[in-house]
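There are 2 protein chains.
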Amino acid sequence: MEERWFPGAVALLLLLLAAGGAIPPPEDAARMARFVLHNCDWGALATLSAQEGLRGHPFANIFSLSDGPPGPLSGSGVPYLYLTDMEISVQDLEINSNASLTVSLAQTPYCKKHRYDPQNPLCAHIIFSGNVIKVNDSEAGLAKKALFSRHPEMESWPKDHNWFFAKFNITHIWVLDYFGGLKIVTPEEYYNVKP
Amino acid sequence: MEERWFPGAVALLLLLLAAGGAIPPPEDAARMARFVLHNCDWGALATLSAQEGLRGHPFANIFSLSDGPPGPLSGSGVPYLYLTDMEISVQDLEINSNASLTVSLAQTPYCKKHRYDPQNPLCAHIIFSGNVIKVNDSEAGLAKKALFSRHPEMESWPKDHNWFFAKFNITHIWVLDYFGGLKIVTPEEYYNVKP
Chain A
1 MEERWFPGAV ALLLLLLAAG GAIPPPEDAA RMARFVLHNC DWGALATLSA QEGLRGHPFA
61 NIFSLSDGPP GPLSGSGVPY LYLTDMEISV QDLEINSNAS LTVSLAQTPY CKKHRYDPQN
121 PLCAHIIFSG NVIKVNDSEA GLAKKALFSR HPEMESWPKD HNWFFAKFNI THIWVLDYFG
181 GLKIVTPEEY YNVKP
Chain B
1 MEERWFPGAV ALLLLLLAAG GAIPPPEDAA RMARFVLHNC DWGALATLSA QEGLRGHPFA
61 NIFSLSDGPP GPLSGSGVPY LYLTDMEISV QDLEINSNAS LTVSLAQTPY CKKHRYDPQN
121 PLCAHIIFSG NVIKVNDSEA GLAKKALFSR HPEMESWPKD HNWFFAKFNI THIWVLDYFG
181 GLKIVTPEEY YNVKP
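Protein chains in written order, with full-length UniProt numbering: chain A, 1 to 195; chain B, 1 to 195.
Treat the hints with care, since some could be wrong.
Here are the computed lysine-lysine pairs in the PhoX-like style, where the Cα-Cα straight-line distance is at most 25 Å [claimed, not checked]:
(1) A:K112 / A:K183
(2) B:K159 / A:K183
(3) B:K144 / A:K112
(4) A:K145 / B:K112
(5) B:K183 / A:K159
Now the in silico label distances, taken between C-beta atoms and shown as ranges [as the list claims (entries may be wrong)]:
(6) B:G53 / A:G181: 17 to 27 Å
(7) B:L73 / A:D28: 43 to 53 Å
(8) B:E139 / A:K134: 39 to 49 Å
Bear in mind the hints are in silico, worked out from the structure with no lab data behind them.
Ideal Cβ placement from N, Cα and C applies to all residues, glycine included.
Based on the provided sequences and hints, a complete structural model is requested.
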């Protein structure tokens, strides 16, 4: 039976599935923002450092994230995080919760496949500004499902680290997905759009 | 002839070549920092925003980088960047050049291959603090070779954007590559180590 499959078609299908659906057109910036976030398992978070001698300097760090279980069209758009006070960036956030989060299709197979350089706008990336907040008990279930479904090893992370569920509370969104500069998307547009 | 190759061995060899050499042991934090930077083609750069209404807030963005042509043991450790004043983060840097740069093995095939979550310290990531500066004419040749060898499309980027070569001037380095918290590496240790 196997000979009846076209390997190219199978590879393409797998790639589309892996990418969580087809990429939106670049004029649809709100959908693009949702698409890129949902297809990224992690992002870079920038905080204002609270460290001795570096207070107020920018500080970039890496965190796993999830806006919902994997698969196309299933993301909530909310970047959930699994944090501990032992993390240096979380200590920054306790002093000043302002933060910025960036995710890029360079993190997925998409840009390599299309031979787009990571700094080429066609290798879309999204910048969020806002703050990081602990989620309340009613939202913790959603956050847990979103995170643990995509980051199964989180369940076994050391209990004495006092992990908690948090979210990036989005106040500003910039989309770089085409030539001509950054596009601004409002949180309302972002959350109301069909992904 | 092809049957005489062991596909697994070939795949491993390709992976090692792609990864630019073998990963250093985690106790060798300076070498790990050099290894991760050299194996990443891009990073997330955090600046202090100069935007109206967001002045002084952290701002995370994505930039291509290179510390030297691809291949194992050939990196200089210096993160070179190709920038334009049209970039919003570069406008931030013109007001305040303090910045932070992070690179992660999550950007390479390494963590997926070993099934390490991006937030697992074994999926090593490095955080640099410092500032971004334009390189002088004598260093521009090095920067150009480092960047254009790994980002060939840069050569064709629009001339009217007034691109210039810059580097991330490293003042602090943190390495997260094992359990037990961040390790501090000095720029001296970092630049003096054999990669």
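> K145 of chain A and K112 of chain B: Cα distance at most 25 Å?
Replying inline: holds (21 Å)
Next item on the list: Using the beta carbons of G53 of chain B and G181 of chain A, state whether their distance is inside 17 to 27 Å or not.
Entry: holds (18 Å)
Q.
Please check whether E139 of chain B and K134 of chain A have a Cβ separation lying inside 39 to 49 Å.
A. Distance hint for E139 of chain B, K134 of chain A holds at roughly 45 Å.
| Keeping to a limit of 25 Å between CA atoms, is the pair of K112 of chain A and K183 of chain A held or broken? | holds (23 Å)
Mind checking the alpha carbons of K159 of chain B and K183 of chain A for me, to see if they're no more than 25 Å apart?
The given pair, whose Cα atoms are some 22 Å apart, holds under the 25 Å limit.
> Taking the CB of L73 of chain B and the CB of D28 of chain A, does the distance hold inside 43 to 53 Å?
Replying inline: holds (45 Å)
| task | Sort out whether K159 of chain A lies within 25 Å of K183 of chain B, counting only the CA atoms. | result | Within the cut-off at roughly 22 Å; holds.
* Pair hint outcome, K144 of chain B versus K112 of chain A [Cα-Cα no greater than 25 Å] -> holds (22 Å)
Checked against the numbered hints given earlier, this structure breaks none of them.
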